[in-house]
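Between the sequences and the hints, there should be enough to build the whole structure, so can you do that?
Read in order, the letters of the sequence shown correspond to residues 1 to 160 in full-length UniProt numbering.
Be aware that one or more of the hints could be misleading.
Dumping the calculated DSSO-like pairs for lysine-lysine here, alpha-carbon to alpha-carbon at most 30 Å [what the hints assert, rightly or not]:
hint: 1; residue 1: Lys-61; residue 2: Lys-50
hint: 2; residue 1: Lys-6; residue 2: Lys-53
hint: 3; residue 1: Lys-6; residue 2: Lys-50
hint: 4; residue 1: Lys-61; residue 2: Lys-6
hint: 5; residue 1: Lys-6; residue 2: Lys-59
hint: 6; residue 1: Lys-147; residue 2: Lys-59
hint: 7; residue 1: Lys-50; residue 2: Lys-146
These are computed hints drawn from the structure, not numbers from a lab.
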Amino acid sequence: YYVQIKSIMVGGEVLNIPEETWHLSSPEGTGGTIIDSGTTLSYFPDPAYKTIKEAFVNKVKGYPVVEDFPALDPCYNVCGVEQLELPTFGILFGDGAVWNFPVENYFIRFEPDEIACLAILGRTRSSLSIIGNYLQQNFHILYDTKKSRLGFAPTRCANV
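Right under this line is the structure:
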């Protein structure tokens, strides 16, 4: 399901990512953004991903960086931390809607290592962005194909 992103926010700050990054190009049909319940993590094209990653690296304070953790980056040592305090993450859509995510949707916590890693990856060979199911967890999502709209509301999925 294609959606139109206008911008990405980290720590309440709109990141400096050109709006064209999110556009579906014609006639090739490349790029754009899909919301996909069949893809686990979320993916953004470089350099958008690098801008998102850099924003977290610059804003995260108080947790030591874990170098060379396989695949995910950045990662932090969160030993002894019960409630993660990390910068907020949100997506602003073209129609003005804002989807703000709880920290457990965009940082994966690995036990028993007590490491938390950003659950977003870059795409070097594709301009397509994917909002994966890890980011969508504990949201009720409505696909209104007749009106070409996407609805979302926080929900404890275990209670549905």
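Structure-based check of all given hints:
Distance hint between Lys-61 and Lys-50 is fulfilled; the C-alpha atoms sit about 19 Å from each other, no more than 30 Å. A hinted pair counts as satisfied when its Cα atoms are at most 30 Å apart, and Lys-6 with Lys-53 qualifies at roughly 18 Å. Restraint check for Lys-6 and Lys-50: the C-alpha separation of about 17 Å stays at or below 30 Å, so the hint holds. Pair hint Lys-61 plus Lys-6 holds up; C-alpha atoms about 28 Å apart against a cutoff of 30 Å.
The suggested pairing of Lys-6 with Lys-59 holds, with an alpha-carbon distance near 22 Å, which does not exceed 30 Å. A hinted pair counts as satisfied when its Cα atoms are at most 30 Å apart, and Lys-147 with Lys-59 does not qualify at roughly 38 Å. Note on Lys-50 and Lys-146: the hinted pairing is violated, with a Cα-Cα distance of about 35 Å set against a maximum of 30 Å.
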